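There are 2 protein chains.
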Amino acid sequence: MQDKLIQEIDTIFNPRAVAFFGVSGLTNRLGNLMLFSFLDCGYPGILYPVNKNETSIMNQPCYPCLEDIPGPVDLAIISVHPDRVEKVIDECLDKGVKGAVIFTSGFGETGEEGRKRQQDIVARARAGGMRIIGPNCMGLYSSQSKIAFFPGMPGEKGSVAFLSQSGSLANMLGLFAAERGLSFSRMVSVGNAADLDVTDFLQYLGEDNDTDVIACYMEGVSDGRRFLEVAGSVSLKKPILLWKVGDTEGGKRGVRSHTGSMAGSGLLWDAAIKQAGIVRVENLVELVGFITAFTRPCMPAGRNIVIISGPGGAAISAADACEREGLVLAEPGEETVRELAGIIPEFGTSTSNPIDLSLESSFDVTLYPGAVEICGRDSNVDIILAIVTVLRKEIVEGLIRAKNAINKPVAIITLPEHSTFSGSMSSLFGTVQKEEYPGILRQLYEAGISVHATEQEAARALSSLCFYADHVSALKRHKK
Amino acid sequence: MQDKLIQEIDTIFNPRAVAFFGVSGLTNRLGNLMLFSFLDCGYPGILYPVNKNETSIMNQPCYPCLEDIPGPVDLAIISVHPDRVEKVIDECLDKGVKGAVIFTSGFGETGEEGRKRQQDIVARARAGGMRIIGPNCMGLYSSQSKIAFFPGMPGEKGSVAFLSQSGSLANMLGLFAAERGLSFSRMVSVGNAADLDVTDFLQYLGEDNDTDVIACYMEGVSDGRRFLEVAGSVSLKKPILLWKVGDTEGGKRGVRSHTGSMAGSGLLWDAAIKQAGIVRVENLVELVGFITAFTRPCMPAGRNIVIISGPGGAAISAADACEREGLVLAEPGEETVRELAGIIPEFGTSTSNPIDLSLESSFDVTLYPGAVEICGRDSNVDIILAIVTVLRKEIVEGLIRAKNAINKPVAIITLPEHSTFSGSMSSLFGTVQKEEYPGILRQLYEAGISVHATEQEAARALSSLCFYADHVSALKRHKK
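Going down the list, the sequences are from chains W and E.
Residue numbering for the first sequence follows my numbering, starting at 612 and increasing by one per position.
Residue numbering for the second sequence follows my numbering, starting at 612 and increasing by one per position.
Hints listed in this document are in silico derivations from the structure and should not be mistaken for laboratory results.
Take the hints with a grain of salt, since some may be wrong.
Claimed, not checked - Pulled from the structure, derived: some chain W residues nowhere near chain E, Cβ distances all over 12 Å:
(1) Gln618
(2) Arg864
(3) Glu897
(4) Glu946
Said to hold, decoys possible - Facing chain E, according to a computed beta carbon distance under 7 Å, are these residues of chain W, among others:
(5) Ser635
(6) Leu637
(7) Tyr674
(8) Pro675
(9) Cys676
(10) Pro683
(11) Gly923
Just so it is clear, the structure is predicted and the values come from calculations on it, not from any experiment.
Quick reminder that beta carbons are idealized off the backbone N, C-alpha and C, glycines included.
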């Protein structure tokens, strides 16, 4: 049964040919978004726009109906008026289509009658051996098979999967993450999840060799117990980062009209999520920061953190944030203090934790990497957090070398915008151009150095890394 | 006494001529940073590098000592070795200099002996009628008089002042804020604050007509009671946004080695700060978001908020965040719901709060502005929060028109990076180029629309706006 589910989803993610319903000869129509996105992503299979009034749409030959299409069709993307969805589903069943993404909304999210209609559609589809994604969803993206639901989604293969009840968020995440050097294996927007739901895809992604970390935006699931069971077993293999909304009364109201889900009690969820080894995040920006920490997680041996900073003020704020999140400011050993004193200037600096390299660290590019490596060798230190104002290339390369030399988690706090100097600043420091950031951030990301915009986000991400490490090792010990 | 202080600080902010000690003929030296920064900022007065081995530095004629300078010197910038600072201060006193910025560190932040030495310097300076900024500080920036402590600091005049115990933060804020369309009236980095401290400058900025909002990074003050008294009276005239660090044990340790201040008890501070009408922020990113909400604050009449969103998921997360911060999801009136139904599509949307405009809002640029204006007319609505994925120019202009038509706070959540489309996306939506963001964000800022990166930040900023409005009106009522 489980293998069957995984095979079904795998077929849908890797379709040989795709039919599009609700596409139009007019430009700038929402119904054309998906076809446009597949073309944009460079999908190598066959695209069949279905429209009886046109001969071709976006240079793809049109067919008046599915029946007339000569070869097999694995996936249908349906953007027709809600009243016409049932008829299209029947057409798909006759053709032997394996999966249908119903982009159309106006079903379960509108109330009881809509919920009944979507259930009928699912029953019919399932009886004919077809699976449904949606309705009221954006569908599927895979960097492996080059299918997409927005134009401009990253073409490069990545190892992060995003599972979402909101399609727009998947798009926002994709665009924002690309600016941060991240790319994805798969994205799914399940919408009302009348058939395949978050749990089904979670199970699939747990087995998916292209995916190392699973990020998830969730409003609610119909079967909370099954979700937690699946999540509990998947989280032992790869981290799950969950952005769960609808905890408050106002949020719950929004959930009902958005995807018609039941959000459940916030407190109960919070406890159950922890028990399943799931890491909880609060918003899109934080999700991206957490992804950078969890994609190639280097597990911390403990909660002792050292903070290394050029700007002194930010270091103190970071010390506050770390202590509040249950991390412990490490006491560097005598040898470490001596070695630090050997490389950093005497005045305006500090060799005790938080370690202050002073402004000199923006001029002397060896200071950050040197301090990271020295602290990394100290057995009193489990985690290193560096606050880097100016993302100079030499500093980034040095940090990556230092990270490779020690086997401990290294995180940095930086705002790429900080490094955007006007001409005069760059003549003093040597500049980083805006266009270079995604590349630089990608370098850091691929080296396993996480990047955060605020000290609170960094502290939460690193504390979550400790939580996850503890959870996995406790359960593994238990199993032995 | 108070008038004298303000006059002294005013002279220092508007010097007729400035002397630089510790400058070198060699390039890329930290000691040259200030001279370089004054030149970069376009300072119109006279610059006097003091160095007996050079005839000119950065094309400015050099003088072997202060005595040889023909005209008056109002300000001295001192970057010499700590052992030489006392001698330079004596030179300044002989010349009748009004203020000295001591960039040099190695004083109070190193321990008791250093603290004694800085006290001696201050006593000598005060006896001779000169005021000290620092030591261990970056000094002063004013967009009016074009003095600066970093190259690349914004040249345009703004109405935000930043008062900081960390100079690097002032630089980071300046660069980041410029990317967000903000500019500043003045910035001060007080460092160890051996003489002029945060409270002195707060008093000055309270009277400063160029400053509408005061942002402050603080580690500790020697006289907490006086700070709170001054802040309490300034906050009635203009908002104070305070980023106070050093609340935890680790943070306190960092404070001692950074500026040698005493951070005090976190809990006590928190309560006292509230009573003084001060708004507290947690980090640099949040500070910038709060500045956009508080620069031209349009005071909310109550806590009823309406959330308007294209991406449905983000709206639910925002509803959660707002309720957690004590805002109330407004119940739009019947007339509002009817009007909304008249402009937004039937399916995949919601006319109840959170209002979901669906993806169509990225295509039809009239939806956001229309919804904001309709909700703005509703007496059940005090505050409007719009979540905008794609910052299209037409949408921004429409939002500004709508904001001008209603007299209520309007905030938006957006990540500029979301709008950065690849070529294919832009052919569908019409694009916003990265270089355009600062300009677009400035337009929003100047129209009094605040911009936030996350829903939690937006909720905290808007809730703080309610707190500040309540505080000011309660005290004004009390005074009558």
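Each hint tested on the structure:
1. Gln618: holds, 29 Å
2. Arg864: violated, 7 Å
3. Glu897: Not fine: 7 Å to the nearest Cβ puts Glu897/W too close to chain E.
4. Glu946: holds, 20 Å
5. Ser635: violated, 13 Å
6. Leu637: With Cβ-Cβ at 12 Å, over 7 Å, it is violated.
7. Tyr674: violated, 24 Å
8. Pro675: Given a least distance of 25 Å, the restraint on Pro675/W is violated.
9. Cys676: violated, 24 Å
10. Pro683: violated, 28 Å
11. Gly923: With a minimum Cβ separation of about 4 Å from chain E (threshold 7 Å), the hint on Gly923/W holds.
Violated hints for the displayed structure, listed by number in ascending order: 2, 3, 5, 6, 7, 8, 9, 10.
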